[in-house]
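Chain by chain, the residues run as shown.
Number of protein chains: 2
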Amino acid sequence: MKKGQLVVISGPSGAGKGSIYAKVIERTGMKRSVSVTTRQPRPGEVEGVNYFFRTEEEYQHMIAAGEFLETAAVYHNYYGTPKAPVFENLDNGFDVLFEVDVHGAKSIKTKYPEAVLIFVMTPDFETLEARLRGRGTENETSLKTRLGAARRELSQYEMFDYIVFNDDLEQAVQEVLDIVDAEKRRIKNNVRIIKSLLNKE
Amino acid sequence: MKKGQLVVISGPSGAGKGSIYAKVIERTGMKRSVSVTTRQPRPGEVEGVNYFFRTEEEYQHMIAAGEFLETAAVYHNYYGTPKAPVFENLDNGFDVLFEVDVHGAKSIKTKYPEAVLIFVMTPDFETLEARLRGRGTENETSLKTRLGAARRELSQYEMFDYIVFNDDLEQAVQEVLDIVDAEKRRIKNNVRIIKSLLNKE
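If you're matching them up, the sequences are chains V and A in order.
End of the first sequence sits at 1372 in my numbering; the numbers just go up one at a time, nothing left out.
End of the second sequence sits at 1372 in my numbering; the numbers just go up one at a time, nothing left out.
Please keep in mind that the hints were generated in silico from the structure rather than gathered at the bench.
This structure is a prediction, so every number in the text was calculated from the model and none was measured.
Take these hints with a grain of salt, some might be off.
Stated by the list, open to error - SDA-like cross-link-like pairs, simulated, lysine to any residue; straight-line CA separation at most 25 Å:
1. 1194(A) - 1357(V)
2. 1359(V) - 1341(A)
3. 1366(V) - 1329(A)
4. 1359(A) - 1259(A)
Please model the complete structure; the sequences and the hints are all you need to start from.
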């Protein structure tokens, strides 16, 4: 069976990676990854659907055992992507789609170099600033912090395979779908089938 | 201005690269390349449209001057792809599409490593044999020659970037279009714009 591909959507906060991610999941059979977290479940959240809920001790054991593709601390809670279910999906031929920050994307690429990394960016930083302001959730200080972080993130572009400029959401989604389809046609993802054709008499 | 991309469709005789090429040209604004040849013009053929017609002496001068991306001899006539008009189109932002045999594809990749090489193959060699027989133009000897050549061509797969299995023509055309679109989103084709975003205050 042909292995599935792991596609990672990343980029700065405010560029729209979450919206693109949701639409691509909706239109394809791609699997999402369920994160592990140490935070308390909120009402209605279901174990194994929204998150895998673990104690901090269990989580530290998982880190020590190398069970994460990426892990991060956010406000005293941990969030991480467990390897096992992702690799199981890939082995069963399912494509898996992630939406993570640039730090997480880097960690995933290090641990799974076959991952396809897509950087989602606004057409320019002015647009990013306008979108962040439009959310109405940022004060001037946090806005500056986010814009500075965005610059540092984009400056790591060499780590990524693709960049999608999210000017129009529909077009950006289509571009991600094109990338996913084109990657399936890459020689390196077809070596097994090519060799089997060549070896058959 | 963003440079155009050079896309090369190649593969064995009978796999359908010509049909895919024609449809992709028809549906996109991609430029075709006009070959140089030493053969005599046929009735109705127009200089600069069908071919650039040159004497053998002129052709040899062009070879010596390194003016070809690829050149080949077919039944005592030469056929070649001149660099200058191709590079002019690419510099002006136009994408250029080629359909050449595997030998020509190799030559192009050597002289212009940024070229995107797509190998067009039937789902298997049995299908290739059936298609070649269906043409009704091959005797058993030439059929065996072509199938042997096809195997040698596919065994050079590592030189290519993509492989498209032409089972259904429409789908194969769509896959080539996806590849062309996805390539525009590759990081290496967007370094200039990324750097200009980063350098702008």
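Assess, step by step, whether the Cα of residue 1359(V) is no farther than 25 Å from the Cα of residue 1341(A), and give holds or violated. 24 Å, holds
Straight-line Cα separation of residue 1359(A) and residue 1259(A) no greater than 25 Å? Holds. Residue 1359(A) to residue 1259(A) sits at ~21 Å (cutoff 25 Å).
Measure nothing beyond the straight line between the CA atoms of residue 1366(V) and residue 1329(A); if it is 25 Å or shorter, mark the hint as holding. 11 Å, holds
Verify the proposed pairing of residue 1194(A) with residue 1357(V), using a straight-line Cα cut of 25 Å. 21 Å, holds
When held up to the earlier numbered hints, the structure conflicts with none and fits them all.
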